[in-house]
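**Student:** The residues making up each chain are set out below.
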Amino acid sequence: MEPSTVVLIVVGVVVLLLLFIVVGIFNGLVSKRVETQNAWSQIDVQLKRRYDLIPNLVETVKGYASHEKETFERVTQARNQAFSARGPNEVAAAENVLSGALKSLFAVAEAYPELKANQNFLGLQEELTSTENKVGFARQHYNDSVSQYNTALMSFPGNIVGGMFAFKPAEFFELDAAQAAAIREAPKVKF
Amino acid sequence: MWGFATNPACSEYLACGLGALVHFMPTTFRDLVAQNKRNSVLLVACMVLFTFVVGMVLGLAILAMMHPDMAAHISWQRSLGIGAIAAGCSLMLSILAYYSGDSFILTVSGARQIKHADDPELFNVVEEMAIAAGVPMPEVYLMDDPALNAFATGRDPQHASIAITTGLRSILSRDELQGVLAHEMSHVRNYDIRLMLLMAVLIGTIVMLSDVFWQMLRWGPNSSSSSRSSGSSKDSGKGGGAFVLILIVVAVLLALIAPLLAQIIQLAVSRQREYLADASAVELTRNPLGLANALRKIAADGHDLKSANRGTAHLFIANPIKKFEMRANSVFASHPPIEDRIARLEALVKSPV
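Those protein sequences? They're chains A and B, same order as listed. Numbering follows the working numbering, in which position 38 of the first sequence is assigned residue number 38; successive positions increment by one, without gaps. Numbering follows the working numbering, in which position 346 of the second sequence is assigned residue number 346; successive positions increment by one, without gaps.
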């Protein structure tokens, strides 16, 4: 074979190899980005679960502790606000208020032993605790997937391919200072 | 000196002939995960290479006993070809084992599937972990047994099942339960089931080849009279004979040591994957103490799990056969010593991420 043919073949193979590598990296970035979008929507799924569970809980507790009106009203109001909130900041703020109100409700329930023994109440308590956890884990998973995506995008060779196809880094789910303070506040209980 | 050689950490390094692995105490679970993945890759590479070499040598030796002339003149390409055939058989067997199901292990252990209504707390805990991991919800099973143990099975996260004994279920708090289930799910997430199947098949191949080799050595090749009388043997004569002799000696040594060495490598990999599952569990729960406390409770228990045996032991969170757990500081342990695992987890608490 002539040397020029050999060179041509070698160049051809190298180009093909590079193409495969670029395609592989591109696909990797795409799947990581889609995972972040999926993880974000999962948070909403868990938040919506809460709205359905709360009216049930309020009714059960009312049956035993009917004079704790203030707490019930707080919870119902917070729930409705969160349900109708739009935009990430509004939603996040409303959710925090709701979490606080729920904590108060459960703290109040501690004072009523018959309520604590009620199977319905216990079941609902477990479901709500679990839903709170699920919201937390969904946010954790979202941040984890953002972390993986951003790392892939910013390291070599992802940054080159990412730059070529205009991939943008995703944002972490964070609470601003006011929301963070609100969440760390202990629930207020009045008897 | 013997203690040095049988200490599991050293066997990890020795098994690969590498002393240069850095031995530091990882400060975050990400470090733990990275370290364990590296170790696993090295160990598995050793195992595959080992199988290839053993396959080649034993295959050649078997060939030598059937057709001495052919073996003496075999080219290096043919030798590699024989090694490749051994590897190919393993691959086919592993694909078979891969699909032949996890339902087998579940039936054998007498587990019953539960739905959300049967045990809401357990179901919710698993669901929370599935959300944190971003994987579909696995099937959940309960085993009626006072022993404290749990296992996971499944070739990938889309086909996973988790089982836990009633004994363990009743004794753990929610956080500890979450730690244990996160550990089990991590085994599936990290494709450990797949890995262990692969290793089992590789070992099976080595054992099978050794067996065939021994059989041939004892009973002699069955139809070699025709090849002995073929013409070219006069020319190759002494040179070929010496080669075949050396080959057979090496093969005998290998057939003696190989199955043992292969088992040691496999158990070293199994231990690494247990550490990895612990670290991955922390990645999910972000709560090292949950799992650490659960492991303490498990360590304190004396029951043997009725339905487990040595073959399935590696699937469980702690060695289900208690006397093996006691001797965990040996090269033949499928699980690392529980104190070590607890110590690693508690070290993470000092420097949280």
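The hints are simulated quantities; they were obtained by calculation from the structure and are not laboratory data. Where a beta carbon is used, it is the ideal one built from N, C-alpha and C, also for glycine. Just to be clear, a hint being listed does not mean it is correct.
List of simulated lysine-lysine pairs, DSBU-like, C-alpha gap at most 30 Å [stated by the list, open to error]:
#: 1; chain 1: A; residue 1: K48; chain 2: A; residue 2: K62
#: 2; chain 1: A; residue 1: K48; chain 2: A; residue 2: K116
#: 3; chain 1: A; residue 1: K116; chain 2: B; residue 2: K297
#: 4; chain 1: A; residue 1: K69; chain 2: A; residue 2: K168
#: 5; chain 1: B; residue 1: K297; chain 2: A; residue 2: K48
#: 6; chain 1: B; residue 1: K115; chain 2: A; residue 2: K116
#: 7; chain 1: A; residue 1: K62; chain 2: A; residue 2: K116
#: 8; chain 1: A; residue 1: K69; chain 2: A; residue 2: K103
#: 9; chain 1: A; residue 1: K103; chain 2: B; residue 2: K37
#: 10; chain 1: A; residue 1: K69; chain 2: A; residue 2: K48
#: 11; chain 1: A; residue 1: K103; chain 2: A; residue 2: K62
#: 12; chain 1: A; residue 1: K116; chain 2: A; residue 2: K103
Pulled from the structure, derived: some chain B residues nowhere near chain A, Cβ distances all over 12 Å [to be verified]:
#: 13; residue: K37
#: 14; residue: R38
#: 15; residue: F52
#: 16; residue: Q113
#: 17; residue: M129
#: 18; residue: I131
#: 19; residue: V135
#: 20; residue: Q158
#: 21; residue: S170
#: 22; residue: R194
#: 23; residue: W214
#: 24; residue: L217
#: 25; residue: L284
#: 26; residue: N293
#: 27; residue: I342
#: 28; residue: R344
**Student:** Taking the hints in turn, state whether each one holds.
**Tutor:** Each hint tested on the structure:
Of the pairs offered as hints, the one joining A:K48 and A:K62 holds, with about 23 Å between alpha carbons and a cut-off of 30 Å not exceeded. Only pairs whose Cα atoms come within 30 Å are accepted, and A:K48 paired with A:K116 is accepted, the gap being roughly 26 Å. Distance restraint check for A:K116 and B:K297: the Cα-Cα separation of roughly 28 Å lies within the 30 Å cut-off, and the hinted pair is therefore satisfied. Pair hint A:K69 plus A:K168 does not hold up; C-alpha atoms about 49 Å apart against a cutoff of 30 Å.
At roughly 37 Å between alpha-carbon atoms, B:K297 and A:K48 are farther apart than 30 Å, so this suggested pair is violated. The straight-line distance between the Cα atoms of B:K115 and A:K116 is roughly 25 Å, inside the 30 Å bound, and the hint therefore holds. Among the hinted pairs, A:K62 with A:K116 is consistent with the structure: their alpha-carbon atoms are about 13 Å apart, no more than 30 Å. Taking the CA atoms of A:K69 and A:K103, the gap is near 15 Å; set against the 30 Å cutoff, the hint holds.
Taking the CA atoms of A:K103 and B:K37, the gap is about 41 Å. The hint is violated against a cut of 30 Å. Proximity of A:K69 to A:K48 is assessed by CA-CA distance (about 25 Å); at most 30 Å being required, the pair is judged to hold. Only pairs whose Cα atoms come within 30 Å are accepted, and A:K103 paired with A:K62 is accepted, the gap being roughly 16 Å. A threshold of 30 Å between alpha carbons decides the hint, and for A:K116 with A:K103 the separation of about 15 Å falls inside it, so the pair holds.
Even its closest Cβ contact with chain A, about 15 Å, leaves B:K37 beyond 12 Å, as expected for a residue assigned away from the interface. At the 12 Å boundary, the C-beta of B:R38 stays outside the reach of chain A, the nearest C-beta of that chain being 18 Å off. Its beta-carbon lying about 26 Å from the closest one in chain A, B:F52 satisfies the requirement of being farther than 12 Å from that chain. For B:Q113, the condition that its CB be more than 12 Å from all CB atoms of chain A holds, with the nearest at approximately 20 Å.
The non-interface label for B:M129 is inconsistent with chain A: the shortest C-beta to C-beta separation is roughly 8 Å, within 12 Å. Here B:I131 does not stay apart from chain A, with its beta-carbon only about 5 Å from theirs, under the 12 Å limit. For B:V135, the condition that its CB be more than 12 Å from all CB atoms of chain A is violated, with the nearest at approximately 10 Å. Separation of B:Q158 from chain A is adequate, the least Cβ-Cβ distance of about 15 Å exceeding the 12 Å criterion.
The Cβ of B:S170 lies farther than 12 Å from every Cβ of chain A, with a closest approach of about 16 Å, so its non-interface assignment holds. Every CB of chain A lies more than 12 Å from the CB of B:R194, the least distance being 20 Å, so the non-interface label holds. For B:W214, the shortest C-beta to C-beta distance to chain A comes to about 46 Å, beyond the 12 Å cut-off, and the non-interface label holds. No beta-carbon of chain A is positioned within 12 Å of the beta-carbon of B:L217; the least distance is around 47 Å.
Some Cβ of chain A comes within 12 Å of the Cβ of B:L284; the nearest lies about 8 Å off, and the non-interface call is violated. Residue placement check: B:N293 keeps its beta carbon more than 12 Å from all beta carbons of chain A (closest about 18 Å). The Cβ of B:I342 lies farther than 12 Å from every Cβ of chain A, with a closest approach of about 24 Å, so its non-interface assignment holds. Listed as outside the interface, B:R344 is consistent with that label: its C-beta sits roughly 21 Å from the nearest C-beta of chain A, beyond the 12 Å cut-off.
Checked against the numbered hints above, the structure violates hints 4, 5, 9, 17, 18, 19 and 25; every other hint is satisfied.
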